[in-house]
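Those protein sequence lines, which keep their order, are chains F and G.
Here the numbering used here is used: position 54 in the first sequence is 54, and no number is missing along the way.
Here the numbering used here is used: position 31 in the second sequence is 31, and no number is missing along the way.
Among the clues, some could well be false.
One copy or any two copies: either way a pair holds, since identical chains are not told apart in the list.
[What the hints assert, rightly or not] Using 20 Å as the maximum straight-line C-alpha spacing, the simulated SDA-like pairs for lysine to any residue come out as follows:
| hint | residue 1 | residue 2 |
| --- | --- | --- |
| 1 | 142 | 50 |
| 2 | 162 | 92 |
| 3 | 152 | 198 |
| 4 | 162 | 198 |
| 5 | 152 | 168 |
| 6 | 142 | 191 |
| 7 | 163 | 206 |
| 8 | 142 | 130 |
| 9 | 163 | 197 |
| 10 | 142 | 186 |
| 11 | 142 | 188 |
| 12 | 20 | 67 |
| 13 | 152 | 13 |
| 14 | 163 | 205 |
By construction, these hints were calculated from the structure, which means they are not laboratory data.
2 protein chains.
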Amino acid sequence: MVAAAQAQKPTSIPKSERTKARVLREALSLASRVGFSGLTFGTLAEQAGISKSGLFAHFDSKEDLQIQSLHVAEEMFVERVLRPALQQPRGVPRIRQLFSGWMDWIHSGTVPRGDILTAAAFEFDDAPDGPMRAAVVAGHGKMHDTIERLAKQAIEEGQFGKKAEPDQFAFEFLGIVHAHHHVRRLLRTDLHARRACAAFERLLATYTL
Amino acid sequence: MVAAAQAQKPTSIPKSERTKARVLREALSLASRVGFSGLTFGTLAEQAGISKSGLFAHFDSKEDLQIQSLHVAEEMFVERVLRPALQQPRGVPRIRQLFSGWMDWIHSGTVPRGDILTAAAFEFDDAPDGPMRAAVVAGHGKMHDTIERLAKQAIEEGQFGKKAEPDQFAFEFLGIVHAHHHVRRLLRTDLHARRACAAFERLLATYTL
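Throw the hints in and build the complete structure from the sequences for me.
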């Protein structure tokens, strides 16, 4: 796949696709500042220096714009956090890499102001039903399922006890990430990263007992 | 104190105070639905059936209204969750009561739609600086300090190990509460309460080892 990607010339990407990719990057940058709810044709047109009618060519509706932007963030997360984790040996090494990659993702400023996926989950957890909320819930479900699968593999590898509950592990893993994201934004300091790491080590330790 | 409260006749409370108390209850009910940011003189006047000018008599500004409403919620939390915990013996019994009382507070519908204090913390964690954000941060700090103090007492009572870190314990305790609050709102189910309780038991177990 890497070879195929390298063989593809940049010029083979149609201009409209390149424009759309640029617009989606701007959309993500905007959403990271004002939330996905604040991402509209009007605000994005101003941010990206493109006409509203230009945006209508790429997105059916405000919800479509928000959902496509969320998916771009999810793809970035897969590329930068999940994929490197899955390249590790099954079980605990994958789990460790997922956690440390996630911490890096939060702190690196890849997306301004921290973890935009967690931010979206917090933003829409109490929103009325709608396509964007459904997309956020689906994203949360996929992440939960992924961590659950890694925990199952850790049991299969004999690293976690046979009675370990993968679903419980996923709940607690995500809880630590979310708690860190929240405290970091609330108190505007990275000092609590070591608290999150210590919590993760304690979690792992009780499962590998 | 209870005797003193009982001896006090309701009629001794001035009418303006009673009106204000009613208005603050309406304000809290409104904030639990639309967030504290959505709590303004205009929205509250409509909800409480009182004129805007009537509200000006009680509150200096929108921020003052939001902060006073937050403080009412904090007083309710102290009354219903914190005080019963502090009536338990020092150390682990207090910690257990605080956690189970908090779970009840989330599920009881005392305040519609769950834990309004956690909701406020999520709402303002990425807000611009301002008096309401400062009040939310102060509330978080007080709660963190309280849990830290309970953990210190558990060490003094010989229930937690001497090397236990009260600050770490407080971070993780709050993390479990916040994770539960968030997942409950996101997935709209109470099914994960048992995950939160199991996480709390695991947390306690590692500290009481």
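query: Between residue 163 and residue 205, at a C-alpha cutoff of 20 Å, which is it: within one copy, between copies, both, or neither?
result: Answer is both; intra-copy 15 Å and inter-copy 17 Å each pass.
query: Which holds for residue 142 with residue 50 at a C-alpha limit of 20 Å: within a copy, between copies, both or neither?
result: neither (34 Å within a copy, 47 Å between copies)
field: Same-copy or cross-copy closeness of residue 163 to residue 206 [CA-CA at most 20 Å]
entry: both (12 Å within a copy, 17 Å between copies)
query: 20 Å Cα cut-off: does residue 142 pair with residue 186 within a copy, between copies, both or neither?
result: between (27 Å within a copy, 14 Å between copies)
- prompt: Within a copy, between copies, both or neither: where do residue 142 and residue 188 come within 20 Å Cα-Cα?
  reply: between (29 Å within a copy, 17 Å between copies)
message: Reference check for the pair residue 152 and residue 198, CA-CA at most 20 Å: within, between, both, or neither?
response: between (22 Å within a copy, 18 Å between copies)
Intra- versus inter-copy proximity for residue 130 and residue 142 (alpha-carbon distance at most 20 Å): Within. Shortest intra-copy distance 18 Å satisfies the 20 Å Cα cut-off; inter-copy 36 Å does not.
field: residue 20 and residue 67: within-copy, between-copy, both or neither at 20 Å Cα
entry: Close inside one copy (14 Å), not across copies (43 Å); limit 20 Å.
task: Since the copies are identical, ignore which copy is meant and state whether residue 152 and residue 13 lie within 20 Å (CA to CA) inside a copy, between copies, both or neither.
output: Neither. Shortest intra-copy (40 Å) and inter-copy (61 Å) distances fail the 20 Å Cα cut-off.
task: Can you give me the call for residue 162 and residue 198, within, between, both or neither, at a CA distance of at most 20 Å?
output: between (24 Å within a copy, 17 Å between copies)
message: One pair to classify: residue 162 and residue 92, alpha carbons no more than 20 Å apart. Within, between, both, or neither?
response: within (14 Å within a copy, 29 Å between copies)
- request: Indicate which option fits the pair residue 152, residue 168 if close means a Cα-Cα distance not exceeding 20 Å: within, between, both or neither.
  value: within (11 Å within a copy, 28 Å between copies)
In summary, the structure is inconsistent with hints 1, 13 from the numbered list given earlier, while agreeing with the others.
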